[in-house]
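Undergrad: Sequence:
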Amino acid sequence: MADVDDTQVSGLIEELSGASRRRRQEVAHQLAIAAKAHPQIMLGHVDALVDALYRPEAQTRWEVLDALSAIADVNADAVADAYDGAEASLFDDGSATVRLAAFVFLCRLGASSPERSDQAWPLLDEAIQCYHGDAEYRDMLVALLGLARGAASDETKQALAARVKFDAESGSGYIKTFSAEILQALA
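According to the numbering used here, the stretch in the sequence shown is residues 70 to 256, in order.
Hints are supplied without guarantee of correctness; some may be wrong.
To be verified - Derived DSS-like pairs: lysine-lysine, alpha-carbon spacing no greater than 30 Å straight-line:
| no. | residue 1 | residue 2 |
| --- | --- | --- |
| 1 | LYS245 | LYS234 |
| 2 | LYS226 | LYS105 |
| 3 | LYS245 | LYS226 |
What the hints assert, rightly or not - Pairwise CB distance ranges (calculated):
| no. | residue 1 | residue 2 | range |
| --- | --- | --- | --- |
| 4 | GLY202 | ALA157 | 19 to 25 Å |
| 5 | GLN77 | GLY163 | 29 to 35 Å |
| 6 | ASP74 | GLU205 | 16 to 22 Å |
The set of hints was computed from the structure by calculation and includes no laboratory data.
None of the values given here were measured: they were computed from a predicted structure.
Heads up, the beta-carbon is just placed ideally off N, CA and C, and yes, glycines get one too.
Input sequences plus hints: build the corresponding full structure.
TA: If you want it as structure tokens, here you go:
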């Protein structure tokens, strides 16, 4: 799927709204791979990806969030409408993988501009508090490091620094290490 063209992507996008749960999952996986390799080819299909954030199966949603995260790295404006779907996924009770994918997406979106960081930060802050120490928390810290290095507002950066300061000073293991790295990136 690394060498994909728009015709192939268009065909997959059509199947993303099909009746088969299994096929939607497979297609979403292929689209995520394509988006990571060639995010620009997905720009014309963002609306369909955003729509797919409301499919019932977790895998479709996390794969689509992964695709949207890749697109956000090259054109955050194009994926800004995915905010509401990502917010709903951020607190998905049934899937830590969906929650993590939403968190990563919101960090990448927030890293794109001061305004988007201010919009995303309250959700990210709540998620940090909810999932601190969970299995996916290490990957959440990696995403926060990207936010710290991005174009976040001074207000968001100050709030992030305040949120991770205790762990950077008093935590242990990866939590302490990544929290200190986040603080360093914010300095």
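Undergrad: Does each hint hold? Answer for all of them.
TA: Status of each hint after checking the structure:
1. LYS245 <-> LYS234: holds (9 Å)
2. LYS226 <-> LYS105: It holds: about 27 Å lies between the C-alpha atoms, which stays within 30 Å.
3. LYS245 <-> LYS226: holds (18 Å)
4. GLY202 <-> ALA157: 19 to 25 Å: holds (23 Å)
5. GLN77 <-> GLY163: 29 to 35 Å: The hinted range 29 to 35 Å holds for GLN77 and GLY163, with Cβ atoms some 31 Å apart.
6. ASP74 <-> GLU205: 16 to 22 Å: Roughly 34 Å apart at Cβ, these two residues miss the hinted range, so it is violated.
In this structure, only the earlier hint numbered 6 is contradicted, and the remaining ones agree with it.
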